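Chemist: Below are the chains, spelled out letter by letter.
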Amino acid sequence: MTHILSVSVLNKPGVLTRIAGLFSRRNFNIESLNVGRTENPEISRMTIVVNGDEKTLEQVQKQLHKLINVLKIKELDQTQIVERDLILIRVKCTRQQRSEIIQIADTFRAQIVDVAPDSLMIEATGTEDKLEALTELLRDFGIAEFVRTGIVALSRGQVIER
Amino acid sequence: MPKMNGGQIIIESLKKENVDVVFGYPGGAVINLYDALYSSDIKHYLGRHEQGVVHAADGYARSSGKVGVCIATSGPGGTNLVTGLANAHMDSVPIVAFTGQVPSSLIGKDAFQEADITGISLPITKHNFLVTDVKELAKTIKEAFFIARTGRPGPVLIDLAKDVTQAEMEFEYPDKVDLPGYNPTFEGHKLQINKAAKKINEAKKPLLYVGGGAVISGADKEVRELVDKAKIPITTTLMGLGIYPENKELALEMLGMHGTQYANLATTEADLLIAVGARFDDRVTGKLDEFASGADIIQIDIDPAEIGKNVSVDIPIVGDVKRVIKELLPYIEEKEMGEWQKYVIDLKKRYPLKYEDDGSETIKPQYIMEEIDKYTKGDATIVTEVGQHQMWAAQYHKYQKPRQFITSGGLGTMGYGLPAAVGAQVGQPDEKVVLIAGDGSIQMNIQELGTAAAYNIPIKVIIFNNNYLGMVRQWQEFFFEKRYASTKIPAPDFVKMADSYGIWGRSIDKKSDLDKALKEAMEHDGPAVLDIHIPQEENVYPMVPAGAGLKDMIEGEK
Ligand SMILES: Cc1ncc(C[n+]2csc(CCOP(=O)(O)OP(=O)(O)O)c2C)c(N)n1
Ligand SMILES: [Mg+2]
Chain R
120 MTHILSVSVL NKPGVLTRIA GLFSRRNFNI ESLNVGRTEN PEISRMTIVV NGDEKTLEQV
180 QKQLHKLINV LKIKELDQTQ IVERDLILIR VKCTRQQRSE IIQIADTFRA QIVDVAPDSL
240 MIEATGTEDK LEALTELLRD FGIAEFVRTG IVALSRGQVI ER
Chain W
256 MPKMNGGQII IESLKKENVD VVFGYPGGAV INLYDALYSS DIKHYLGRHE QGVVHAADGY
316 ARSSGKVGVC IATSGPGGTN LVTGLANAHM DSVPIVAFTG QVPSSLIGKD AFQEADITGI
376 SLPITKHNFL VTDVKELAKT IKEAFFIART GRPGPVLIDL AKDVTQAEME FEYPDKVDLP
436 GYNPTFEGHK LQINKAAKKI NEAKKPLLYV GGGAVISGAD KEVRELVDKA KIPITTTLMG
496 LGIYPENKEL ALEMLGMHGT QYANLATTEA DLLIAVGARF DDRVTGKLDE FASGADIIQI
556 DIDPAEIGKN VSVDIPIVGD VKRVIKELLP YIEEKEMGEW QKYVIDLKKR YPLKYEDDGS
616 ETIKPQYIME EIDKYTKGDA TIVTEVGQHQ MWAAQYHKYQ KPRQFITSGG LGTMGYGLPA
676 AVGAQVGQPD EKVVLIAGDG SIQMNIQELG TAAAYNIPIK VIIFNNNYLG MVRQWQEFFF
736 EKRYASTKIP APDFVKMADS YGIWGRSIDK KSDLDKALKE AMEHDGPAVL DIHIPQEENV
796 YPMVPAGAGL KDMIEGEK
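Chains as they are written, first to last, in our numbering: chain R, 120 to 281; chain W, 256 to 813.
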């Protein structure tokens, strides 16, 4: 089972090492980990995707809490979030294939960010599923290389029910 | 305000934290700190190895209940602390360790005696800091002490770039810490406490299982009241020994791999297990799904991560053990001794700890422990190394009060005992401190005899000399057909060794000599080493083989 944790941490030296070290030491599996700045310059937000049962998840959260520089941990309800992953992908392509690839990119609302005689670079954002679908389609042309950021996610604003 | 340098700021900060004793070993990277120490009132104990220094700070902390402080230089000084930090981390011992670091301009350049000690110690400290700016120094020390001693205590390391101890500024010690990510829970949840009380009042076969957390929290009075009021039999872990007087009726003493049969049987049969500051370690539980399998579990611990880590818990209460039990007590019904209580008391009679005594001149290790218990009337601090002797010390001495038994539990560190005994004696100068050592373990930090001699620290070192790494040999006997691979260890002449340090020493191998030798060692005005030859192939019983259930004990002789 995949869980998405949103973790606020104080920007102190070594905080990333502490968190990464905790995961390997305690034998927890990280699927992806993303760190970025937030509205507060002293605080960073990590989005960590972990795999494991409820019990493992509980231990992960409790152990993270013990780190002095961890401020807040929230498991995101996957039905109530906006999640995004970004991919940069360089596809091999001949002159003839170019327009077909551009069409595919358009369908996925992806951008062409670099054009070379024998390749195209595409930038796309979206959920993991969407990016995987895109990658699959492009595989036929030959993928030279790609890189993904891993998920970042935020909870949606509250819906007022009446 | 006058300016002072970083070294002096550290001394002033230590005074603010009421530190009057530090253990350390100097070197280039901490030379400014030592210069400041030289003209201060803080008493510095020079060890003979940094591992000795950190274990001494640990023993000091365990015996006194205060934070232990140690100092080491950069590079090898810091790396020599590693075992001691891991040891303190496993047993939740509050230590603040200062290490020197190369000047900030050289960090990362593989400078002389540079080692990334904050990186190395990251998984074995509660927290650590690298200070590269003198402005951060006092604040960091304040935070380090706060983190070390509050919540679930642990070691905190402060790595000091050399220029920080040289740089000057005005000293100002903050009154408050600013640690937004660190908020231990002290107060137990009311509703949970009520639920627990109800469960305890209703239980037919309740059992208290108490660990080191209760000792750290200072909950002996509360635990005693709980046992006496509700007539709940009590067993303790190795770390919890002494929390309740072991000569009392409902005391089942230690449980686990080398626990008493009555404690292990009672655990197996209980219908309610109340875990207090204990963490369901594998040496305690044996096979997990057979551990207290008929019992509901209440767990009280200050560390939420310990709850549900190894077993599922029915009623968890996060909070300081002492406070939680205090809150709990008014809701607990007073009870009389019932069937269950009579049953466990009967178990004690049916399955006592026992060993064979053939009436010869052989000195049995269990007998030595009984004699020490008799001699000290239970009023001594027993420190141990790691091995069979440690288990005999746990089993055959009847502990009366907390902090009376000091041992490396979680990490099982051979070489811990001697330096820890030095520290324990410094922490409680008026206590009789007796080290129960193995002939193997004591050789791991034997250089600390030099520390005991130099400061005339009157520890009594009793060596259980079996010429073996006995605990490993026992496993080889049971599970490897007596193939004693690398466990025979010829001992040096410990008396000559003691003598070379100017320490009183004696060696005996006859039972009839024990009384007198023990008395002489105990009454000697200063440190003493008593080397006692015990049977080479004596075993520790009972024993639950690793991975077996608690009821499947090997009973032992006769
Ligand atoms: C530093 C360290 N190395 C190895 C071990 C493994 N070990 C556990 S007990 C033991 C034997 C200890 O021998 P000794 O001190 O003579 O005690 P005895 O068991 O003979 O009483 C060993 C080697 C350990 N616990 N610690
Ligand atoms: Mg031995």
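Keep in mind the hints are simulated off the structure, nothing from the lab. In this text, all values refer to a predicted model and were calculated from it rather than measured experimentally. Backbone N, C-alpha and C fix where the C-beta goes; we use that ideal spot for every residue, glycine too. You may find that some hints are simply not true.
Stated by the list, open to error - Under the rule of at most 27 angstroms between Cα atoms (straight-line distance), these lysine-lysine pairs were calculated in the DSS-like manner:
1) Lys131(R) - Lys364(W)
2) Lys394(W) - Lys431(W)
3) Lys581(W) - Lys656(W)
4) Lys181(R) - Lys271(W)
5) Lys185(R) - Lys321(W)
6) Lys191(R) - Lys454(W)
7) Lys542(W) - Lys181(R)
8) Lys765(W) - Lys174(R)
9) Lys564(W) - Lys193(R)
10) Lys751(W) - Lys737(W)
11) Lys131(R) - Lys390(W)
12) Lys181(R) - Lys751(W)
13) Lys131(R) - Lys431(W)
14) Lys445(W) - Lys193(R)
15) Lys766(W) - Lys687(W)
16) Lys181(R) - Lys581(W)
17) Lys564(W) - Lys181(R)
18) Lys394(W) - Lys185(R)
19) Lys397(W) - Lys181(R)
20) Lys771(W) - Lys131(R)
21) Lys687(W) - Lys191(R)
22) Lys454(W) - Lys687(W)
23) Lys397(W) - Lys185(R)
24) Lys174(R) - Lys542(W)
25) Lys397(W) - Lys191(R)
26) Lys174(R) - Lys454(W)
27) Lys185(R) - Lys765(W)
28) Lys191(R) - Lys632(W)
29) Lys629(W) - Lys431(W)
30) Lys765(W) - Lys632(W)
31) Lys450(W) - Lys174(R)
32) Lys445(W) - Lys185(R)
Stated by the list, open to error - DEER-style ranges, computed between Cβ atoms:
33) Glu778(W) - Asn146(R): 49 to 57 angstroms
34) Gly269(R) - Ile744(W): 37 to 45 angstroms
35) Asp275(W) - Gln199(R): 36 to 44 angstroms
36) Ser143(R) - Ala803(W): 48 to 56 angstroms
37) Ser274(R) - Ile600(W): 54 to 62 angstroms
Unchecked claim - If we take Cβ atoms under 8 angstroms as the criterion, some of the chain R residues that face chain W in the derived model are:
38) Glu177
39) Gln178
40) Asn188
Chemist: Please go over all the hints and tell whether each is borne out by the structure.
Modeler: Evaluated hints:
no. : hint                                      : verdict
1   : Lys131(R) - Lys364(W)                     : 22 angstroms, holds
2   : Lys394(W) - Lys431(W)                     : 9 angstroms, holds
3   : Lys581(W) - Lys656(W)                     : 19 angstroms, holds
4   : Lys181(R) - Lys271(W)                     : 33 angstroms, violated
5   : Lys185(R) - Lys321(W)                     : 22 angstroms, holds
6   : Lys191(R) - Lys454(W)                     : 33 angstroms, violated
7   : Lys542(W) - Lys181(R)                     : 25 angstroms, holds
8   : Lys765(W) - Lys174(R)                     : 56 angstroms, violated
9   : Lys564(W) - Lys193(R)                     : 20 angstroms, holds
10  : Lys751(W) - Lys737(W)                     : 32 angstroms, violated
11  : Lys131(R) - Lys390(W)                     : 16 angstroms, holds
12  : Lys181(R) - Lys751(W)                     : 52 angstroms, violated
13  : Lys131(R) - Lys431(W)                     : 19 angstroms, holds
14  : Lys445(W) - Lys193(R)                     : 25 angstroms, holds
15  : Lys766(W) - Lys687(W)                     : 23 angstroms, holds
16  : Lys181(R) - Lys581(W)                     : 26 angstroms, holds
17  : Lys564(W) - Lys181(R)                     : 10 angstroms, holds
18  : Lys394(W) - Lys185(R)                     : 21 angstroms, holds
19  : Lys397(W) - Lys181(R)                     : 25 angstroms, holds
20  : Lys771(W) - Lys131(R)                     : 60 angstroms, violated
21  : Lys687(W) - Lys191(R)                     : 47 angstroms, violated
22  : Lys454(W) - Lys687(W)                     : 42 angstroms, violated
23  : Lys397(W) - Lys185(R)                     : 19 angstroms, holds
24  : Lys174(R) - Lys542(W)                     : 19 angstroms, holds
25  : Lys397(W) - Lys191(R)                     : 23 angstroms, holds
26  : Lys174(R) - Lys454(W)                     : 25 angstroms, holds
27  : Lys185(R) - Lys765(W)                     : 53 angstroms, violated
28  : Lys191(R) - Lys632(W)                     : 52 angstroms, violated
29  : Lys629(W) - Lys431(W)                     : 48 angstroms, violated
30  : Lys765(W) - Lys632(W)                     : 23 angstroms, holds
31  : Lys450(W) - Lys174(R)                     : 23 angstroms, holds
32  : Lys445(W) - Lys185(R)                     : 23 angstroms, holds
33  : Glu778(W) - Asn146(R): 49 to 57 angstroms : 53 angstroms, holds
34  : Gly269(R) - Ile744(W): 37 to 45 angstroms : 53 angstroms, violated
35  : Asp275(W) - Gln199(R): 36 to 44 angstroms : 56 angstroms, violated
36  : Ser143(R) - Ala803(W): 48 to 56 angstroms : 31 angstroms, violated
37  : Ser274(R) - Ile600(W): 54 to 62 angstroms : 57 angstroms, holds
38  : Glu177                                    : 6 angstroms, holds
39  : Gln178                                    : 6 angstroms, holds
40  : Asn188                                    : 5 angstroms, holds
When the structure is compared with the earlier hints, violations turn up for hints 4, 6, 8, 10, 12, 20, 21, 22, 27, 28, 29, 34, 35, 36 and for no others.
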